[in-house]
Structures are given as structure tokens and as C-alpha cells.
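Enquirer: Sequence:
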Amino acid sequence: MRWFSLSGRRGRAAARPDDGARAGPVDFAPYSPQYEVIVGQGHDHPTPFFSPPALVWHVGIWPKKSCDPHDNGGATGQGASAKDAYKSIHDREAAFTRRRTAWVRAIDRQLAAMQRARRPADPPNATKQFIKPVGEGEGAARVPDSGSVVFTMWWRAPQAAEGADDEAIRVKVHCNLTPDYVSYSFYMDVATRWGAPFPSLDGGSNANRARILEAVESVRRICEAERDAGARYAQVHPDTLSAQEDAALLGARNLLYVDAWENFIADTGCSLAAMAGELGEVFANFRGVVLGVGKVDGIEPATSRFPRFSEDPRFDVDGTEANAVVDAYWPLVRRIVPEADFREFVVCGLLGWRALYVTALGSPSQYDAHEERAPTRGEKAEADMRVHAGPGPAPADVPTDSCVRPQSDGARRNHPVRYLMLTKENLNPRQLGRIVERINALGTLRLYALKDWSRIVEADTKIRVLGQELDLVTKDWSDKRRLLDSLGTFGKIVKARTDPTYAQIKPYITHVEIPGWFTRTYGAIKDRLWRLGGQTGEFVRREEASKLLDFKYGALAEISSELEGKLIAIGAEIDRLSLEATGGLHFRISRSSIHVAEFYQLLELLQVGNMQTWTSYEQFVKRGLAPTFKSIEEVGRRIVALRTRLTSVLETIETSALVGQSSATRHNTAQLRRIAVYGMLLLFFYLARPTFQFAQRLVERWPEYYALIRTWLGW
1 MRWFSLSGRR GRAAARPDDG ARAGPVDFAP YSPQYEVIVG QGHDHPTPFF SPPALVWHVG
61 IWPKKSCDPH DNGGATGQGA SAKDAYKSIH DREAAFTRRR TAWVRAIDRQ LAAMQRARRP
121 ADPPNATKQF IKPVGEGEGA ARVPDSGSVV FTMWWRAPQA AEGADDEAIR VKVHCNLTPD
181 YVSYSFYMDV ATRWGAPFPS LDGGSNANRA RILEAVESVR RICEAERDAG ARYAQVHPDT
241 LSAQEDAALL GARNLLYVDA WENFIADTGC SLAAMAGELG EVFANFRGVV LGVGKVDGIE
301 PATSRFPRFS EDPRFDVDGT EANAVVDAYW PLVRRIVPEA DFREFVVCGL LGWRALYVTA
361 LGSPSQYDAH EERAPTRGEK AEADMRVHAG PGPAPADVPT DSCVRPQSDG ARRNHPVRYL
421 MLTKENLNPR QLGRIVERIN ALGTLRLYAL KDWSRIVEAD TKIRVLGQEL DLVTKDWSDK
481 RRLLDSLGTF GKIVKARTDP TYAQIKPYIT HVEIPGWFTR TYGAIKDRLW RLGGQTGEFV
541 RREEASKLLD FKYGALAEIS SELEGKLIAI GAEIDRLSLE ATGGLHFRIS RSSIHVAEFY
601 QLLELLQVGN MQTWTSYEQF VKRGLAPTFK SIEEVGRRIV ALRTRLTSVL ETIETSALVG
661 QSSATRHNTA QLRRIAVYGM LLLFFYLARP TFQFAQRLVE RWPEYYALIR TWLGW
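Just so you know, my numbering puts 133 at position 133 of the sequence shown, and the rest follows in order with no gaps.
Treat the hints with care, as some may be off.
Below 30 Å or equal to it, Euclidean Cα-Cα: the simulated DSSO-like pairs (lysine-lysine) are [as the list claims (entries may be wrong)]: (1) LYS451 / LYS622; (2) LYS132 / LYS172; (3) LYS462 / LYS451; (4) LYS64 / LYS128; (5) LYS462 / LYS65; (6) LYS451 / LYS65; (7) LYS506 / LYS475; (8) LYS64 / LYS462; (9) LYS65 / LYS495; (10) LYS622 / LYS475; (11) LYS64 / LYS172; (12) LYS172 / LYS451; (13) LYS172 / LYS462; (14) LYS492 / LYS475; (15) LYS506 / LYS495; (16) LYS566 / LYS622; (17) LYS132 / LYS65.
Keep in mind the hints are simulated off the structure, nothing from the lab.
Remember, predicted model here, so these are calculated numbers, not experimental data.
Using the sequences and the hints given, assemble the complete structure.
Expert: In C-alpha cells:
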């Protein structure tokens, strides 16, 4: 008996028990091949989670221009070679795929090297990577446009035995891949141990953990002693620390921001050079320290709000506590970056005052020795902060920050952007992770949006120059066309050749042939003879006007040809300008606009709180970054407008030339028709000549013929 499915299609007969099993695997999950792809969208940035104290290191890397997948347009680009002169769109697409695959495979190799440094007792899980291995018969591996690889590294104690190490430090690694760059985020969760349900501030047997926790405790002890609500508006106060406290704070700073990561790099090989590899270069480098200021007692999970600043009953709820906390930790802040007192700092609350963010954001120093006062002990220079001041590499026994290297000018250095984040110890680990991840993402987005900034600035000037050149060409065309139209007779043309008023068009009216003196005089006499009117007079006037137009259109053709060459040169300059940026100027500005929009959206989600007497992150964006972002947008708009204007002017000149050619063609056609008529008349008279002779003889002998006809008819 046959059955029908609910969809109306006839089904097969039910299998009987004795039918036997079907050969091959049975697919009981009829999912679409796109199922995992579309379900995974929106989860490209998983939330890290950790507890204070924690150390954060975030690195952003983009491909070098010579191997950037987006910069494969041909050998015209800067740094391109002969092999990059692709001949077709298919070749460029193949080059993009080849470069993109090489870029992602290099990232996968670095991730594999990092994961080999994980906890030795881990199960033998497959190495996490972006390009998934494929089975036999599945075709080529798919290279993703974006995605995340998340894993945990366990930084073992020095001299720890092979195997399990319960004292290892948890380092969560988040590697985020985008179509434009890759970022590595390291979250060193110092207080968390293998398998422990809660973090512990006990150093244990791990010397690295013990040193870090000791430094954190020194910072907390010294800074909490400085905490005074009455001095909350003193943004910069004299450093009153003792020599011992000064050394302790400086040592803690160097350990938390430099030495801890240098030791981690030495043990795991996760250096900047290794992460960048041969294909990439670093464009973002952030170092952060997350410290818990203190617990809020008496929290009831069922009724209390999440801990935030201004919960302390000693302070008001308008951010006064936040000011007092930042003021108390200023002795540490002024040691985070060199010459901190002479830099503009960004200080603000985050996510509804659940954390405080303190950073110089790479602002330049305005320090000049002895300009305003004698240097104090609290004003630290680069040499105090693990930066080798002398030329050449530092001695092997001198600890230095490998992230800071001298620049070509010998003065500026590529310091990582360092920040301090203060939070309540009760803060939820995932909420803290979201705050830190957003801060790092904001920094990465704003820096990537400024990629090829120098090229964009150069383009701004060149666009203005090319726009002015286009204005001059347009004005030149209008002036020459006006002067040419004012020449109404051949006599005026002859006079214009020596008249300074017509100097602009003199070369064009000199080289174009005009009728001679006799022809012009004959034409003038003929015009006066036929001026009485009638069709013949109109014909003569049109003939003379057509000759004049032929002359003008000949001169106009020369003018159009010259100006068209200038317009083509302007177009070539615009094309060359577009090729200098990575992927082309239009592409670069478009990508910058996308990242700027994402930056503003993420900034809104961060819920920045303004603190009295300080510059907030939002104010920094509005005053510092917004004009820059706007200028990038304006350059993109102006180059499009310049191309539109160029096309319009070129079309106007070409159209005018075509109209002139059409008029000349019509005139020539009329002339040919008249010549044809004259020819037909001549041919008619030539062929009619024998007939005329016959008629003449007929007339001469007509009387004889007439008499014969009368006789024949019997008249």
C-alpha cells in the first residue's frame, strides 16, 4: 500500500524488516551546507573573561603593502614588481586569493606555534586555526574573510617540571581576523589557577605570579594612602613619595608593563616580530593593567546593583569618588609614560562608572627641561622605563622593552599605548572582559581608519591643485570660445591677427586658412549685389556664412584638441593619485569610512562618563579625531566631485567640437549637393546638344516638311 506525505508528494513504500540494510551511510540531518556559516555570524568577537589584577597586551597587524591582498591592481602601484602587472580581472582575482591565502596561512602558523606553548597536560585537541583542514575529496580549503580563534595558554613557572603545573598563569588569547587586519589580544589573568573555582591573590610557588602580585600590592598600598577626597580637584600635585616608595612604584610599573611581558615572550616566543612575520607590520600596540580598587561590602545579589564608582558612601554620586581614585593613583600614572605631567591624559568612566580608564593615548610630550621648573624626582624619562637611550642595541644584561625601538630621526620612539583601568573587585569577569575588549577594539578601529593617512593628506593638496587646474582649463575654453564667436567677418579675423585683444586665439586663427583678398573682395561685392533679397540673395549670404563657420570650426577644433590634452593629463594625475594608496584611494577612503562608522557605534556602547577636570574619551574623539575623520570623508567626496567635473568639462568640449563638426558636415553636404546639381545640369546640356542641333535643322527646313505633310494628307 502506497502513502502520501503531508507535502503532497508520493512517498516510497515502507521498508519491510527483511529488506536488509541500505548500503552506505544514512544522513539523518538534512541541514543546509550554509547552516554553520549563517548561525556563526555575529559571534566573531567572543567575550574574554578575567578578574583583576590582570595584564593586557593587544597587537594589531596589517599586511605589508607589497603583499597586501587588496593592493594587487598592477605594476603602477608603489613597490609593485613586474610580476604584479596583471593583465586581466581574472588574474587580479587570482592574485587576491593567492595573497589572502598566504596571509592567513602565516597567521595559522603563528597560532600553531602559540598553542604548542600551552599547558603540557592538555588533551591532544586539534590545533585551532582559521583555515580548516579538509578531508579527502572535499576540495580546496576555504579561507575565511573574518573569524576568531580563542584558546588558553598556561604560562608555567620558571624551572617547573614537565607535565602538569597547577601554578601556571592563565593567559587567554583572542585572535581576531578581519578582511583588513588581524589582532592578537593576550589577557594575563594573574590570580586564576588551573582548575581553581575562584581567583586567589596567593603567589604560591610560581615566581612570576608572586612578583606580579607583590607589585600590585605595592601599588595599591602606596596609592590608597594618597586617596583623599579633599584633594580630588588637584589634577597634578607635587610628588611627595619617599625614595623607597618612588623606587617601588617605578619597579612595579616596569614589571607590570614591560618585564612580565618580556619574560612571557622569552618563554613562549610570542614576540612582535613573530606575530608580524615576513608579511605583516604592526599598526596597533596596547599595554594595559587592570587593578581592583576595593570591594564594595554588603552586596546582596538579589537586591543590590552591580558595583560601580560612587557607591562609596563617603562620596557623592556625581563622580567625585572617581576623581578621588584617579588622583590617588596619579603617582603610578605619571610613571606609566615618560614625562607624563606634560602630556594630555584621557580619563573617564566606562559602562556606567563600572570602571575608570586612564591613558595618554600616545599624546606628545610638551616637556622642555628647565623651561618652567627644575626637574623633579617624579618626572621619569625613557631611560627610567626600560628604554635604551643610547645608539645601537642594549647590552644583553640590561632589561629593555622590546616594543620600543629608536626611530629614524633618533628622537621619537614607537612606545606602546599604555593605559590603566581601575575597577571594583566585585565586577563580573565577563563584564570586565567586555569593557577591556571594547577599549582595545576602539583603539584598533581608530588607528586602522587612519591607514595611509599621509597619502590622504597628500591627495588633499593634489586634489585642490588639480581642481584649480581644471578651473583654469574651463576658463581658458570659455574665453577662447567667446573671442572666436566675436569674429563675425573675415575682415575682423584679419584684424584680430594683429590685435592684442585676441592674443589668446592668435595661434589658432593664424594657422587656419582663410580666403585671400581677391576672394573676400569678390564675396563682398557679390553680397551687396544680391542684398536686395530673394532666394538668390539668401543663397549667397548662406554661402558666405558657411565659409566663415568653416574657418571658426577649424580654429575651434585646434582649441578643443589642445584643451582636451590638458584634461586628459588631469585625469591621468587623478588616476596616479588613486593608485598610491593601498588598494587605491577610493578603496582606502571607503574602508576608513566603514571603520569610522563602527568606531562611533562601539563608542556609544561603551557609555563613556565625563569626569570633572579631565578630558573624556568622547571629548578626545570630538575634538581630536572627528575633524580628522571628517577630512578623510571630505577627500573622498572631493575626488569624486573632481572626477565628475572633469567628465562634465570634457563632455562639454567634446560635444562642442562634435556640434562644430556636424555643422561643417552639413555645410559640406550642402556643397556636395549643389555640386551634384551643377554636374547634372552640365550633363543635361551636354547630352541635349545633339537634340538641339536636330531641332534647329527641323526649324530651318520646317516649310518644306510642312508642305509635304499637307500634300500627303490631301489638304
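Enquirer: Take a quick look at whether LYS451 and LYS622 sit within 30 Å of each other, Cα to Cα.
Expert: The given pair, whose Cα atoms are some 20 Å apart, holds under the 30 Å limit.
Enquirer: Is the straight-line distance between the alpha-carbon of LYS172 and that of LYS462 30 Å or less?
Expert: Given that 30 Å is the threshold and the Cα spacing comes to 47 Å, the pair is violated.
Enquirer: Are LYS132 and LYS65 close enough, with their CA atoms no more than 30 Å apart?
Expert: 26 Å, holds
Enquirer: Against the 30 Å threshold, does the CA-CA distance of LYS64 and LYS462 hold or violate the hint?
Expert: With Cα atoms ~25 Å apart, LYS64 and LYS462 stay inside 30 Å; holds.
Enquirer: Hinted pair, alpha-carbon criterion (30 Å max): LYS462, LYS451. Please report holds or violated.
Expert: Roughly 18 Å between the alpha carbons, so the hint for LYS462 and LYS451 holds.
Enquirer: Do the alpha carbons of LYS462 and LYS65 lie within 30 Å of each other, as the hint requires?
Expert: 22 Å, holds
Enquirer: So if I understand the rule, the pair passes when the alpha-carbon distance is 30 Å or less; does LYS65 with LYS495 pass?
Expert: 61 Å, violated
Enquirer: Is the straight-line distance between the alpha-carbon of LYS492 and that of LYS475 30 Å or less?
Expert: 23 Å, holds
Enquirer: Quickly compare the C-alpha distance for LYS622 and LYS475 to 30 Å and report which way the hint goes.
Expert: 40 Å, violated
Enquirer: Please work out if LYS451 and LYS65 have their alpha carbons no farther apart than 30 Å.
Expert: Holds, because 11 Å separates the two Cα atoms, which is no more than 30 Å.
Enquirer: Holds or violated: LYS132 with LYS172, Cα cutoff 30 Å?
Expert: 22 Å, holds
Enquirer: With a cut-off of 30 Å on the C-alpha distance, tell me whether LYS64 and LYS172 pass.
Expert: With Cα atoms ~27 Å apart, LYS64 and LYS172 stay inside 30 Å; holds.
Of the numbered hints listed earlier, those contradicted by the structure are 9, 10, 13 and 16.
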